[in-house]
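*Asks:* Chains H and V supply the protein sequences, listed in that same order. All the letters of the first sequence, read from the start, carry residue numbers 1 to 465 under UniProt numbering. All the letters of the second sequence, read from the start, carry residue numbers 1 to 465 under UniProt numbering.
Please keep in mind that the hints were generated in silico from the structure rather than gathered at the bench. Each hint should be verified, as a subset may be incorrect.
For identical chains, the list gives no copy identity; a pair is met inside one copy or between any two copies.
Pairs of lysine-lysine, DSBU-like flavour, derived with a Cα cap of 30 Å [as the list claims (entries may be wrong)]: (1) Lys-444 to Lys-22; (2) Lys-14 to Lys-459; (3) Lys-22 to Lys-57; (4) Lys-88 to Lys-22.
Everything numeric in this text was worked out from a predicted model, so none of it was measured.
Protein chains: 2
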Amino acid sequence: MALDFSKYFTERTKRRHDSPLKSLLKYMSNPELISLGGGLPNPDLFPFSEFSTQVVKPASSFENDNVELLNVSFSRNTKINSQLEPLKGFMQYGGGLGVTSLVNFFYNHMKQIHQPKYDNWSVILSAGSTDALNKVTELFMEQGDPILVDEWSYPTAIETFTSAGYPMVLVKMDGEGMIPEDLDQVCSNWSGSRPLRMVYLIPTGQNPTGFTMSLQRRRDIYKVCQKHDILIIEDDPYYFLQFADAPVVTKEEETEEYFNHLPGVEKLIPSILSIDVDGRVLRLDTLSKLLAPNMRLGWITTQSNLLQKIKFHNETTIQQPCGISQGLASTLLNEVWGHDGFLKHILYLQKEYLSRRNAIMSSLYKHLGDMVEVTAPVGGMFVWIKINLPSHLESKPGIMAEIFDTMIENNVMLVPGWQFSPVTNTDLVKDKPYFRAAFSFATKCDLSRAMERLAIVLKQYCHQQ
Amino acid sequence: MALDFSKYFTERTKRRHDSPLKSLLKYMSNPELISLGGGLPNPDLFPFSEFSTQVVKPASSFENDNVELLNVSFSRNTKINSQLEPLKGFMQYGGGLGVTSLVNFFYNHMKQIHQPKYDNWSVILSAGSTDALNKVTELFMEQGDPILVDEWSYPTAIETFTSAGYPMVLVKMDGEGMIPEDLDQVCSNWSGSRPLRMVYLIPTGQNPTGFTMSLQRRRDIYKVCQKHDILIIEDDPYYFLQFADAPVVTKEEETEEYFNHLPGVEKLIPSILSIDVDGRVLRLDTLSKLLAPNMRLGWITTQSNLLQKIKFHNETTIQQPCGISQGLASTLLNEVWGHDGFLKHILYLQKEYLSRRNAIMSSLYKHLGDMVEVTAPVGGMFVWIKINLPSHLESKPGIMAEIFDTMIENNVMLVPGWQFSPVTNTDLVKDKPYFRAAFSFATKCDLSRAMERLAIVLKQYCHQQ
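Can you make the complete structure from the sequences, with help from the hints?
*Replies:* This is how it looks when you write it as structure tokens:
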């Protein structure tokens with residue numbers, strides 16, 4: 001059984017509760033009853049007869065020639081032998097959890113992949129992890145409450161915490177992400193007037209550093225969180241985009257040889273959720289990187305009594321994710337691809353992003369040499385590049401802005417490191433010698449050329465040996 | 001020019017600002033630049049080739065036999081001669097405003113229908129008006145700040161205000177909604193420690209009362225708000241579902257005779273937005289009642305500098321509404337139906353809901369007689385029924401619960417009035433003699449039968465003359 005964290009709810013969370021109208025639902029099961037209760041528009045007046053999409057077969061993409069397409073649709077009529085809802089089930093108002101067939105899919109997915117270790121866990125749909133992050137923090141955090149974060153972190157999370165008024169408490173990182181000993185020290189030495197209650201983590205392919213926490217690192221961080229009674233936000237959009245010990249190789253054919261080094265689904269580094277026995281992890285998943293971002297469809301996994309409050313929060317904000325997105329995702333995942341097809345597609349994405357990582361890293365190693373320091377990413381979409389500046393430039397004010405401008409002159413753009421700093425006074429971080437390179441979007445050819453151009457830039461600052 | 005209300009922003013609103021990453025966008029216009037900037041998944045890996053739906057021709061529905069269907073779709077390839085975005089424009093991450101072609105459609109729609117009277121107004125997309133309501137209140141309201149509301153109001157709005165910790169200050173209503181003189185008095189006599197800043201109104205077919213504010217009423221309320229410097233939330237989902245002076249008649253054929261009494265588009269009672277010269281109205285529109293609720297698609301219209309803050313709020317919550325919903329709506333409204341078809345469809349909905357109103361009201365007049373008092377709704381989906389109880393029952397504790405139970409025994413359900421009361425102590429309102437009947441959902445035949453059953457119930461309590 002999970003621990004009870006409801007004692008940490010904010011006043012606002014405590015005030016969230018079920019609509020009194022829900023108490024009328026129990027009468028609806030009587031087929032003789034005429035209900036004038038629900039303020040619902042008439043579904044016969046919805047102008048839509050069906051929604052459909054054409055998707056690739058699992059493990060293919062529009063980069064392949066002659067890609068084969070499958071039809072995915074839901075319509076006004078219930079399909080024979082289908083467990084899925086008809087169109088009005090997806091397109092009418094519904095509760096804050098999401099539509100049952102899709103909630104069930106993700107529940108079973110989590111059970112199979114993450115095997116939570118306590119009983120009363122469940123899932124709720126989100127309109128993507130950005131909305132989910134706002135909601136899981138608001139469960140426990142009031143304006144002024146501090147939140148533990150990596151010393152470099154995801155800008156949208158930083159903006160979420162900044163606008164909410166949560167002072168960010170920085171924890172140091174190494175090539176495996178947040179350092180447990182530093183987390184322990186920060187918590188032990190904490191002298192703020194409000195307690196440290198939550199830590200924000202991106203355990204796989206962290207944004208911006210690309211660092212991935214090993215299993216041991218996850219266990220160590222979890223232990224420290226238990227010691228100090230910290231709740232963990234596990235924001236894990238890149239979970240399936242892990243590359244394990246596939247080496248950085250130069251040629252596409254070589255990359256393909258190492259596809260069997262990829263972790264598949266079974267050998268992924270287990271999530272922090274999967275080692276959580278207390279119910280202190282609030283895990284955020286999303287289809288944004290697995291299907292498409294603007295489906296605005298994700299799910300949150302944690303204790304049911306925490307999800308209950310998020311459900312009420314949904315009911316005064318988004319209600320639930322878009323019904324077209326839910327209907328097409330539910331049909332695709334439950335019936336067209338199935339769970340096996342979904343996993344097959346995800347393994348394909350591992351390969352695709354591995355190819356891209358290898359394109360950028362092999363070119364980086366070749367052209368940048370010891371002008372930079374990097375940890376080759378074993379997951380995600382990012383490389384964190386530290387520039388090895390000679391000592392006379394290291395302390396020069398404005399040096400990083402100067403290098404950025406030279407990049408732009410040379411037609412290559414990476415994001416300056418300070419944009420990922422939770423430190424409010426940007427002057428303190430403007431000249432930290434880091435850049436983030438995303439290898440998700442550009443073509444493999446452009447990834448390689450970008451590193452060549454970056455070499456031309458850096459040679460003007462660093463004296464290559 | 002609009003007045004500047006930014007002085008009333010909350011601390012949280014003041015802290016909302018643009019992501020620093022946005023400063024990089026200006027470099028993207030250079031086609032020679034290789035950007036490794038955006039952390040975007042690769043759109044070639046989105047598995048979708050197109051999204052489509054089948055819709056009825058404007059001014060028809062699935063209640064018609066042989067309804068004719070039109071195809072609506074957007075795909076990976078830009079259509080020839082189309083102003084619309086291709087699939088990746090709808091399905092990739094985007095800014096907090098929404099996709100341009102749809103924002104433009106609603107901007108032009110507002111310009112044509114509501115003709116705002118000041119310059120710097122604009123629109124932003126919302127994931128429906130529930131999310132929009134939360135966001136417009138959070139611009140100006142901190143926990144503890146009071147909000148002005150009708151004495152009976154929409155449960156989700158009440159729940160939004162309750163959970164946010166906004167004490168609700170009640171203003172009396174008559175058959176035209178909020179009474180301006182009472183609003184003036186409440187504001188003039190206000191002695192709370194925090195100022196009254198916002199009023200929440202549903203001007204057309206108010207939920208739960210079905211009351212519609214006349215143009216004069218809207219002007220009078222606006223004037224009082226100017227006097228006391230109150231911002232107005234105009235939540236108007238039923239705007240197009242107005243029945244004007246179409247009389248309540250019994251037979252379907254008679255209802256059809258009076259279709260030409262419907263206001264069409266031109267003779268709708270003007271919105272409060274359209275009489276706003278100060279930029280103090282935050283207007284919420286939604287497709288929920290015009291197309292389908294779970295499209296989760298609406299729009300907010302107000303001053304641009306307020307929308308800017310809502311855009312930042314979107315960027316740390318929903319990002320923007322679902323791209324499939326946006327893409328299909330944009331294609332439908334811009335290209336398949338067009339604005340004329342959209343308006344034609346809306347006029348059809350006026351007729352459909354008028355038929356339903358006439359079905360319930362004619363049966364109500366026939367069977368309930370003077371056991372009840374009602375204002376025949378001239379818009380929306382609801383009738384507010386006051387039970388004329390004999391004086392010995394009026395003061396009997398639990399009488400309304402008893403009547404509700406008798407309704408259930410007689411297989412008819414209306415929603416007890418107290419569920420729409422903003423009063424926290426429900427004991428004070430449990431026995432107010434009101435029920436809300438929705439005429440949107442049940443069949444016309446059932447609407448009529450429901451009133452017959454209600455008559456059987458009420459005869460046990462009221463002594464009909």
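*Asks:* Now look at each hint and say whether the structure bears it out.
*Replies:* Results for each hint:
When the C-alpha separation of Lys-444 and Lys-22 is checked against a cutoff of 30 Å, the pair qualifies only between copies, where the shortest distance is 25 Å, while the shortest distance within a copy is 53 Å. Proximity of Lys-14 to Lys-459 under the C-alpha cut-off of 30 Å is found in neither arrangement, the shortest distances being 58 Å within a copy and 43 Å between copies. Taking the shortest Cα distances, Lys-22 and Lys-57 never come within 30 Å of each other, neither inside one copy (41 Å) nor across copies (36 Å). In this assembly of identical chains, the alpha carbons of Lys-88 and Lys-22 lie at most 30 Å apart only when taken from the same copy (19 Å versus 39 Å across copies).
Checked against the numbered hints listed earlier, the structure breaks hints 2 and 3; every other hint is satisfied.
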